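K.L.:
Add chain B to chain A, keeping to what the hints say.
There are 2 protein chains.
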Amino acid sequence: MSPTVEVVLTAEELRKMNAYWRACNYLAVGMIYLRENPLLREPLKPEHIKNRLLGHWGSDPGQSFTWIHLNRLIKKYDLNVIYVSGPGHGAPATLANSYLEGHYSEIYPDRSQDEAGMLRFFRQFSFPGGIGSHCTPETPGSIHEGGELGYSLSHAYGAAFDNPDLIVTCVVGDGEAETGPLATSWHSNKFLNPIRDGAVLPVLHLNGYKIANPTILARISRRELEGLFLGYGYTPYFVEGNDPDTMHQLMAATMEKCILEIRSIQEQARSTGKFERPLWPMIVLRSPKGWTGPKEVDGHKVEDFWRAHQVPVLDPVTNSKSLKIVEDWMRSYKPEELFDELGRFVPELQELAPEGSRRISANLHANGGLLRKPLNLPRFQDYAVEVKTPGQKYVSPTATAATFLADVMRQNMTSFRVFGPDETASNKLDGIYKASEKIWVAEYKPEDADGTEIAVDGRVMEMLSEHTLEGWYEGYVLTGRHGFFSTYESFVHVIDSMFNQHAKWLEKSKTELGWRAPISSINLLITSLVWRQDHNGFTHQDPGFLDVVTNKSPEVVRIYMPPDANCLLSVVDHCLRSEDYYNVIVSDKQPHLTFLDMDAAVKHCTKGIGIWDWASTDAGDDPDVVMASAGDVPTMESLAAVAILKEKFPDLKIRFVNVVDLFRLMPDIEHPHGLSDRDFDSLFTKDKPVIFNFHSYASLIHKLAYRRTNHANFHVRGYKEKGNINTPLELAIINQIDRFNLAIDVIDRVSHLQKTGAHVKDWLKEQIIEHLNYAYAEGIDKPEIRDWTWPIK
Amino acid sequence: MSPTVEVVLTAEELRKMNAYWRACNYLAVGMIYLRENPLLREPLKPEHIKNRLLGHWGSDPGQSFTWIHLNRLIKKYDLNVIYVSGPGHGAPATLANSYLEGHYSEIYPDRSQDEAGMLRFFRQFSFPGGIGSHCTPETPGSIHEGGELGYSLSHAYGAAFDNPDLIVTCVVGDGEAETGPLATSWHSNKFLNPIRDGAVLPVLHLNGYKIANPTILARISRRELEGLFLGYGYTPYFVEGNDPDTMHQLMAATMEKCILEIRSIQEQARSTGKFERPLWPMIVLRSPKGWTGPKEVDGHKVEDFWRAHQVPVLDPVTNSKSLKIVEDWMRSYKPEELFDELGRFVPELQELAPEGSRRISANLHANGGLLRKPLNLPRFQDYAVEVKTPGQKYVSPTATAATFLADVMRQNMTSFRVFGPDETASNKLDGIYKASEKIWVAEYKPEDADGTEIAVDGRVMEMLSEHTLEGWYEGYVLTGRHGFFSTYESFVHVIDSMFNQHAKWLEKSKTELGWRAPISSINLLITSLVWRQDHNGFTHQDPGFLDVVTNKSPEVVRIYMPPDANCLLSVVDHCLRSEDYYNVIVSDKQPHLTFLDMDAAVKHCTKGIGIWDWASTDAGDDPDVVMASAGDVPTMESLAAVAILKEKFPDLKIRFVNVVDLFRLMPDIEHPHGLSDRDFDSLFTKDKPVIFNFHSYASLIHKLAYRRTNHANFHVRGYKEKGNINTPLELAIINQIDRFNLAIDVIDRVSHLQKTGAHVKDWLKEQIIEHLNYAYAEGIDKPEIRDWTWPIK
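Chain order of the listed sequences is A and B. By this note's numbering, the letter at position 713 of the first sequence is numbered 705, and the numbering carries on one by one without gaps. By this note's numbering, the letter at position 715 of the second sequence is numbered 707, and the numbering carries on one by one without gaps.
Just chain A, with the same shape it has in the complex (with noise of 0.2 Å):
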């Protein structure tokens, strides 16, 4: 051992520490490897070998040895931790440790610590209807899905967040730290109050390779490296080397170092009620990629290199000297020292673990709905706006909305969070600072008193990354929180595929995992939408978001197109008392016309579709068309539809129809929203013209119902990707979900007006060239077009 290192340990604590990381290590390996001789009770032969070597060596050993450390502290000073295991193929290391704690064999009983449990615990890994290799919803411990690498830190730093007694410690593998949404989440300590938040100790795991490349972080200069981390607010501790007694003891000394300064920087912080933002300790953990695997296999270097990345050695079944080396691999941990004759973990080294809820892969935290408890709501009917008569008054949705989820975070100030891209205010939203502001915990200048809405105990949490604000959002809500995150609609694009793994995530857990205890949704506004984008154009036009919702599965996925903001209000209180979905809301911030009162709303969205009498001339007979509308916009532009069609041809039979869960158009055996065959039929009828307004790209409403009786006669409109720097009449007129256009729609297709109504299609397509004129002389709509309301008869 190097004269320098401090010796922490004693030689007694070393041995066991050192041990028990072999059990790790041996099981690791045994993952990849078996399928029988799980003790190496005899030699090893090639048919103990899976069919299919599949699974990830390369960062186990140094996240277990992470891991272990964190055992020795935990125990010392009975820590709170919860681990995020950032590498993504590293699941063997979790899956080790939670199997040697025993909470694996808690969770799964015939994964049992004794020889034949083990033997199934070898066999499941990367093998058909086991678990992959890395942590899924299935590993017990975990919050973080290792498949898409990027926001590990953003998911740990969500975990931490009102939870002050908690340390998340987040080992970032130097693969990830190249994505851009891992990039920015280190700035995540500028969120992060001392006072009331845990502690994130991020360790970055810099063992030098991804699946076949050098990464970044390994291959700079020492000083870029340390300058990289001062930039991002941390002070980095480096752990390095190989020699495992050397690196224990460094890794010993390190990390209680670490939790020592966070300890002080909570306790100096906590004790005063003040402080500065401090540099956070955070660790760089620089050790061999497949450490303490073969050193070379063929006289191709593998330890320390990238060929470790995965299985090693390929050809045990098949070559002898290859098998050979993974039996002396294997046997180098000397499983005889560390499993009984059973096949049971030693009691001496199983006493390193801690016990019950403070071991971290039995941590409540990580199964976070065990500790949630639901909102304390205030009654949402409180906040409506007073609606006498259907599309009189002009009210902002969004800023309705502000009202009640004030009111939200007054009553749960320590477990609800908002959480918006710089963009709350933006969206209306800023009702929300009355009852707490920004969260900033960086430097003040004395003009931020007048207006900007920042303090080091504000609740709203903003940056301008939607990644890093989905990964926190995550994060808090696995770990058994609640909270609202509101985005523009072109930009929501931008979590695409956040929003995939996280719903993945919901559907494992909901449908297989019973022991995972239901969390809070997430609840996502979008907003800002394509069809008042006056200034912003093309580029902030792209309703193309539900397209993505929709391939997800039907047990964890929801839509909800609130025609105004009573309907609003309604929607997003369904929302926060809802568990275990990703509820998607589509409501705009501008003013836009309210249609129903409170109870008309409620009852409009608890059916989440219905006909809107009051809007609707066939006085409940056979109409002749059906007008139907999905989205605020569409929604105000058919019923101007169908104001004119009144007007022009009094006869004329029209229902109306608007659609809230949009889900309610698929058939019931395939979404558990679905409309019965029958229930659709007496809505849209079966061989009626069905003229459909929609927010979003028209195909949407043909993938959800194309399967219905009346489906050849639906007409639906939508966006066309056709827009620049539009009135919001132009825009839908070039997309055709104006009124107009509607309304020449319904000539088209109502058979019998296809004669009579020839000289109002004129007339139609006169207004639209009028309105046209106008807008591109004025720069705006024309006055009744912008104040236009419903006409009461």
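Just so you know, these hints were derived from the structure itself, not from any lab. Note that this is a predicted model, so its numbers are computed, not measured. Keep in mind that the hints are not guaranteed to be accurate.
[Claimed, not checked] Subject to a maximum C-alpha distance of 30 Å in a straight line, what follows is the list of computed DSSO-like cross-link-like pairs (lysine-lysine):
id, chain 1, residue 1, chain 2, residue 2
1, A, LYS293, B, LYS182
2, A, LYS293, B, LYS266
3, A, LYS678, B, LYS680
4, A, LYS774, B, LYS37
5, B, LYS599, B, LYS645
[As the list claims (entries may be wrong)] Just some of the chain A residues that point at chain B, by a computed CB distance under 10 Å:
id, residue
6, GLY122
7, HIS126
8, SER213
9, LYS293
10, ARG699
Ideal Cβ placement from N, Cα and C applies to all residues, glycine included.
P.N.:
Relative to the frame of chain A, chain B by itself:
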């Protein structure tokens, strides 16, 4: 002026440069406010002001400041410079400079350099039918869409690769700097070779605020900020202050220093042929947001605060005090000194700008199609796989394509690059390394010689950031070059929003802007497909990118699903020749059956859809059923189903249709590649059951084909979000795209089989159980499934 500031500019230079800057700022304000009286020849009246005030003032002065200092050095050193404007809504700066340089009027003659032209120039801005307030394709001199933030720096690096003479100045907004994609793209300098590549000069514009919040980088310590950029591999030079004269001297000195440093790095490397990775210079420009605008409005701080972000004075039409503020503000720039009586920019200022294509706004690299030369392509047919009989041989399509791409690389060693996130080898494209290795400009280790395949002059770009790769690639093609990008299917969603924005850019450029010359298409190969995720499982199963793609304009998106290696070759060749498309190619990396020899493949891919006679049993007659497929695995399973059906029901008339060009399914009136109804019916019949086996989510086929005559008989199988760790057959079975379930589908839908086929159906169900049991026991599919070949009769 502070005595410590180096005096670089003479008093005369300073006066003129500042006057030029005043002109820029005057125009920026004019764009936001004026619809009449562009030169303020008369006192400002409410009717001169636009009805709706839209636009962004905040970052304009700092950006124009940067631009005009570049002008000075372009002239002094005859530099070749383009400018990438990162701060989303800073178009007024680019527009003003483009107008003052005369290039705007060359492109848009009606926005001439006189009073009437200036008025039109002002009016079009943020006005219906006009242009937006961020840089769009309509903006001369821009290759960068400023609407969605995060990609400026990766675009800049993409432009610099293989352009040794070019200096790409990239202004990074401190808001944008918070996004993930931007945060990691600083590391692009590890992939820049000073011998053969140009340089990027980043200017971090630290103007302090986003829409409504301070920015992180503006509120951390100087020590952290310096550390961060050192950590990213740069030497940051600070230009900080608010006094224009001082700042001009500072900027002039600093920018010159940076340019000379860049030149020195390049000369050193180029003269010796060797280099160590340098610390590249960058500028941190800390100037007030809304610099030179109103200091206060209504008692609220505006300049140097977030209130300067957009329109600083909101009500000049209705509030005479506000009108006065706007007028005073505009007159503070002294327009009468800047423009002559006809409204022309005065010659003594005009001559500060460079001339011809040295003008930043007119630099040819910013209209890359003008510089683009077609690739020198080898005959793709020479790389064909021999196919004597369909379905007998397994070949990896991507490995085959790699042999072709390697020669494409060899023949285009200064204008073609290959991109992939650490996955080129994993995607079996490592054959390309034989032509050129991976570029790596960071530390090397001795072991790298053994198979790491990195080199300072490599042309394959690998970094673990799909964002950065896509950004580089876009920047590379936007400046007139060519490329190829491969990525894992499930994680291509990471760049959904980048795809959207580039497709929008292409659509505008192609359909509305004749002056933008066509550029090379983006060629995106999606591989490591959903159906071969034996060990990665559920998180790696998402074929939904195609849904995102189909939402974009038919003018610019294409989807190809070649069923085998030869078809992939044909498709890749086609895509490499194409212009102004976003081509998406879906093809797996694993060995798959080959079906078509090269001639047949070319014919099939050219048609994009066709009947495979050799797999059909209808002998050209009316079939009983159509089996259709799109994608490699679904095609194999469909064929295997046909083989079963042929054996069990020798009289059954089956037609086999394969789809390569997915948009063939759309009606010809909706997509240029769409089939006419007549041609569609001749393939799919008007009334026979169609069992369509699809690579992705089944609903996409309905979305494309819902208008077709026979749509009601389309029974589509695809991915249903069912999966975990599965063997290939097991995964196919649980999603019902496998041979057995397809055969059952046929029996269920062909009326005369419904009774006679009952025992076969039972047998098929037994097969399913037997195969699943085998997989669960052995971890692999049964040999006859793994090695299945098409039966030869």
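K.L.:
A separate judgement is required for each hint: does it hold in the structure or not?
P.N.:
Going through the hints against the structure:
Of the supplied pair hints, the one linking A/LYS293 and B/LYS182 holds, its CA atoms being roughly 25 Å apart against a limit of 30 Å. Taking the CA atoms of A/LYS293 and B/LYS266, the gap is about 28 Å. The hint holds against a cut of 30 Å. Taking the CA atoms of A/LYS678 and B/LYS680, the gap is about 24 Å. The hint holds against a cut of 30 Å. Distance hint between A/LYS774 and B/LYS37 is fulfilled; the C-alpha atoms sit about 22 Å from each other, no more than 30 Å.
Our distance criterion of 30 Å between C-alpha atoms is met by B/LYS599 and B/LYS645, whose separation comes to about 24 Å. Interface hint status for A/GLY122: upheld, as the beta-carbon distance to the closest one in chain B is roughly 5 Å, under 10 Å. Taken as an interface hint, A/HIS126 checks out: its beta carbon lies about 7 Å from the nearest beta carbon of chain B, inside 10 Å. Because the closest C-beta pair between A/SER213 and chain B is about 8 Å apart, less than 10 Å, the hint holds.
For A/LYS293, the interface hint holds, the least distance from its beta-carbon to any beta-carbon of chain B being 5 Å, beneath 10 Å. Taking 10 Å as the C-beta cut-off, the interface hint given for A/ARG699 holds, the closest approach to chain B being about 9 Å.
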